[in-house]
Amino acid sequence: MSGNPIDRIAQATPPGVAKRVRGLSDRAIAWLFVGPSVVLLLAVNIFPLIWTINLSFTNFKANRNRDVDYIGLRNYERILTDSDTWLSMQATAHFLFWTIFFQVLIGFALAYLINKKFKGNDLWTTIIVLPMMLSPAVVGNFWTFLYQPQIGLFNYVVQFFTGIDASSFSMIGSVSLAPWSIVIVDTWMWTPFVMLICLAGLRSIPDSIYEAAECDRASKWRQFWTLTVPMVLPFLMLAVLFRGIENFKMFDLVVQLTGGGPGSITTLTSIDLKREAFEKWRTGYASAYAVILFVTVFGLASIYVKALNKVKER
Amino acid sequence: MGVTGASAESLTLCWAAWDPANALVELSKDFEAKSGIDMEFEFVPWPNFADRMLNELNSNGKLCDLLIGDSQWIGGAAENGNYVKLNDFFAQEGISMDDFIPATVTGYAEWPKGTPNYWALPAYADVVGWTYRKDWFERPELMAEFKGKYGYDLGVPADLAQLKDIASFFQARDIDGKTVYGAAIYTERGSEGITMGVTNALYNYGFQYGNPENPYKELDGFVNSDGAIAGLEYYKELYDAGAPPGSSNWYMGENIDAYKSGQVAMQMNFAFIWPGVNADPNVGGDRTGYFANPKGPAGQYAQLGGQGISVVANTDNMDGALAYIKWFAQPEIQARWTDMGGASAMRSVVEDPGFPDAQPYNKAFLNSMAIVKDFWAEPSYASLLLPMQSRVHNYVIAGQGTAKEALDGLVADWVEVFEDEGLR
Chain A
30 MSGNPIDRIA QATPPGVAKR VRGLSDRAIA WLFVGPSVVL LLAVNIFPLI
80 WTINLSFTNF KANRNRDVDY IGLRNYERIL TDSDTWLSMQ ATAHFLFWTI
130 FFQVLIGFAL AYLINKKFKG NDLWTTIIVL PMMLSPAVVG NFWTFLYQPQ
180 IGLFNYVVQF FTGIDASSFS MIGSVSLAPW SIVIVDTWMW TPFVMLICLA
230 GLRSIPDSIY EAAECDRASK WRQFWTLTVP MVLPFLMLAV LFRGIENFKM
280 FDLVVQLTGG GPGSITTLTS IDLKREAFEK WRTGYASAYA VILFVTVFGL
330 ASIYVKALNK VKER
Chain B
120 MGVTGASAES LTLCWAAWDP ANALVELSKD FEAKSGIDME FEFVPWPNFA
170 DRMLNELNSN GKLCDLLIGD SQWIGGAAEN GNYVKLNDFF AQEGISMDDF
220 IPATVTGYAE WPKGTPNYWA LPAYADVVGW TYRKDWFERP ELMAEFKGKY
270 GYDLGVPADL AQLKDIASFF QARDIDGKTV YGAAIYTERG SEGITMGVTN
320 ALYNYGFQYG NPENPYKELD GFVNSDGAIA GLEYYKELYD AGAPPGSSNW
370 YMGENIDAYK SGQVAMQMNF AFIWPGVNAD PNVGGDRTGY FANPKGPAGQ
420 YAQLGGQGIS VVANTDNMDG ALAYIKWFAQ PEIQARWTDM GGASAMRSVV
470 EDPGFPDAQP YNKAFLNSMA IVKDFWAEPS YASLLLPMQS RVHNYVIAGQ
520 GTAKEALDGL VADWVEVFED EGLR
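Protein chains in written order, with the numbering used here: chain A, 30 to 343; chain B, 120 to 543.
Simulated from the structure, these hints should not be mistaken for lab results.
Fair warning: there could be bad hints in the mix.
Unchecked claim - A few chain A residues that face chain B, going by a derived Cβ cut-off under 7 Å, partial list only:
no., residue
1, Asn92
2, Lys145
3, Gly192
4, Ala195
5, Ser205
6, Pro208
7, Gly290
To be verified - Taking lysine to any residue and the SDA-like style, the derived pairs with C-alpha atoms no more than 25 Å apart in a straight line are:
no., chain 1, residue 1, chain 2, residue 2
8, B, Lys204, B, Ala417
9, B, Lys297, A, Phe198
10, A, Lys303, B, Val163
11, B, Lys297, A, Lys303
12, B, Lys355, B, Val163
13, A, Lys303, A, Thr155
14, B, Lys482, B, Gly518
15, A, Lys303, B, Lys523
16, A, Lys339, A, Phe280
17, B, Lys523, A, Leu116
18, B, Lys379, A, Ile79
19, B, Lys379, A, Phe198
20, B, Lys297, B, Ser310
Just so you know, even glycine gets a beta-carbon here, dropped at the ideal spot from N, CA and C.
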């Protein structure tokens, strides 16, 4: 047997296959390999998207045997003029902004601390990442107990530190506190994820750069702002992108915690969309809603990725 | 067709996961023994029951041969061809709807309502009612304090106003060194909870689902009448004055837990929980009493619960499924059903002279079943339910807007639904 790896691979190809492939052009062989993926992509991504766009112009209801009429832009008009839709958009924006803000802040701080060499470093890392290993439904469920005014640990901790009576406030029952209750739980659960990405960024910075900065007598503060932050920034932005996309479609955790209430104060767009699509069965309307959300996320993500690429190029 | 000799080898019965379902498993062993058909069961927890089963029906799934579905699904399931119409089968087998409590026939079996078109056999009679801590109500010091404060005796409330007084009286009260609260009421946001609760106040203050002569076209002035507004305001006052802190998203399970753990003096809940309460070591026996939803200024009504059993049109085991219905409709099986923890809607069972005193809660059950009203059962039931959940929760729990604004908004939402349905 030849020692050349290419020769070895060529010899490993069964003669029948080799004979059939021999007559094909490079382009044909390339399509042969790429084709299944393209077909799969068309079948599970592109076709449903086009079908959804098509349905969004109809009054189709998936649970009803009746004629489907094309109604033009009526679904879009109804959604965009519906005050409830805008309330759920506001709830989603509040949830997105504050979860990302706290997760980046705390996640980066934790990563910065964990990156220092100290005894028990690995153990602490493992303990910190535990929440993100749990199921969101389970997390939602047990936080409803933690938030209970009579028996919940959370209220008692607040009472311990502030003196406010534990049974005098309800995190998930109060209009002013409920939006924060979901922010707290999501932050508790997903800050470790941001921490891990930041940690990867911090560990990718060569020690030699800091050594050079030390030689130049740069202060720790200066090193942090001119070396650490800029070099970790692409990682941070990536974490923001991941968390932004994930939280835009947040559903399970919030449904378990508040069911979208009190009232509609924590009804995020994903919950609203699910109710339209699979409870009211307004399939056409829900398709238009999904298209609007898709365009929003796609547009924001595209702008963001461009910004991310610019930062990486610096 | 007889019970024996049916051709199907197994049947799957779908229902909610709760105590009566376990009783039905036991009861069905008799059917298995007599028919040779194996019974399989698919029980789904209540919060997911509607989603799971309606998706199953809408997708023409083959999971269920028999379905004990909620009363409000009957319109959609009938019009979409998900259930088998049972009139011919009933006539052939001598099963008469006259043998069942009329309200359950209307609620669980008929579509369109008020017409003799049957899509189910009444299977489980249920209604919203109340349990109360009789042992607390009978404490002399509390009785004296209550009478001094309100001017009448502490006892089963004669009307909704008294119920609110009692809830307020017990709110944040220290009993045996423990802080207790007035009443656990339905407040759940995600599925149907707060609607199933608030209707018990709305009906009794004058709310109607539209002009009875023309319900789809005349909603204004009925859904948002002055009485309806007062009823909604009452429910909010009851929540603010008498519900435990943090009970902003409570339904059946949470209310049971609160009552059994001694947190509340009264509990709103469907009657299916009463056998479990009666048997509970902490609050059962003489410590608990039961009463029907009290009257209001416009009358006395209670929200209907319960279900009928239907044959799913998509079944491959039609003969077996019909055989099960025939078996289940027998008076002796219905009597055993009630004995085992079910709740028969058959008149021969509930009108038996021994029935009212057979259990401490049976009188309250009979009183409640005599005053039932149900939510819309139209094919667009879910589209009608969701805005009610949202509007009512926004006002009662979140405290946003006024009762009038909530009900005016509900009228607008329902008008839109009926316009979409081509009914206006």
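Hint-by-hint comparison with the structure:
1. Given the 7 Å rule on beta carbons, the hint for Asn92/A holds: about 4 Å separates it from the nearest Cβ of chain B.
2. At a threshold of 7 Å, the smallest CB-CB gap from Lys145/A to chain B is about 41 Å, leaving the interface hint violated.
3. At its closest, the beta carbon of Gly192/A sits 17 Å from a beta carbon of chain B; the interface hint therefore is violated under the 7 Å criterion.
4. For the restraint placing Ala195/A at the interface with chain B, the shortest Cβ-Cβ distance is roughly 9 Å, beyond the 7 Å limit, so the hint is violated.
5. About 10 Å separates the beta-carbon of Ser205/A from the nearest beta-carbon of chain B, more than 7 Å, and the hint is not met.
6. Below 7 Å, beta-carbon pairs count as interface contacts, and Pro208/A has none with chain B, the closest being about 11 Å; its hint is therefore violated.
7. About 3 Å separates the beta-carbon of Gly290/A from the nearest beta-carbon of chain B, less than 7 Å, and the hint is met.
8. Simply put, Lys204/B and Ala417/B have alpha-carbon atoms about 36 Å apart, too far for the 25 Å limit, and the pair is violated.
9. Distance restraint check for Lys297/B and Phe198/A: the Cα-Cα separation of roughly 18 Å lies within the 25 Å cut-off, and the hinted pair is therefore satisfied.
10. Taking the CA atoms of Lys303/A and Val163/B, the gap is about 19 Å. The hint holds against a cut of 25 Å.
11. For the hint linking Lys297/B to Lys303/A, the alpha-carbon distance of about 42 Å lies beyond 25 Å, and the restraint is violated.
12. Taken as a hint, the Lys355/B and Val163/B pair is broken in the structure, with Cα atoms around 31 Å apart against an allowance of 25 Å.
13. The straight-line distance between the Cα atoms of Lys303/A and Thr155/A is roughly 35 Å, outside the 25 Å bound, and the hint therefore fails.
14. A hinted pair counts as satisfied when its Cα atoms are at most 25 Å apart, and Lys482/B with Gly518/B does not qualify at roughly 37 Å.
15. Using a Cα cut-off of 25 Å, the hinted pair Lys303/A and Lys523/B is violated, with the two alpha carbons roughly 28 Å apart.
16. For the suggested pair Lys339/A and Phe280/A, the alpha carbons sit about 32 Å apart, so the restraint of at most 25 Å is broken.
17. Taking the CA atoms of Lys523/B and Leu116/A, the gap is near 20 Å; set against the 25 Å cutoff, the hint holds.
18. Using a Cα cut-off of 25 Å, the hinted pair Lys379/B and Ile79/A is violated, with the two alpha carbons roughly 53 Å apart.
19. Only pairs whose Cα atoms come within 25 Å are accepted, and Lys379/B paired with Phe198/A is accepted, the gap being roughly 23 Å.
20. Taking the CA atoms of Lys297/B and Ser310/B, the gap is near 32 Å; set against the 25 Å cutoff, the hint is violated.
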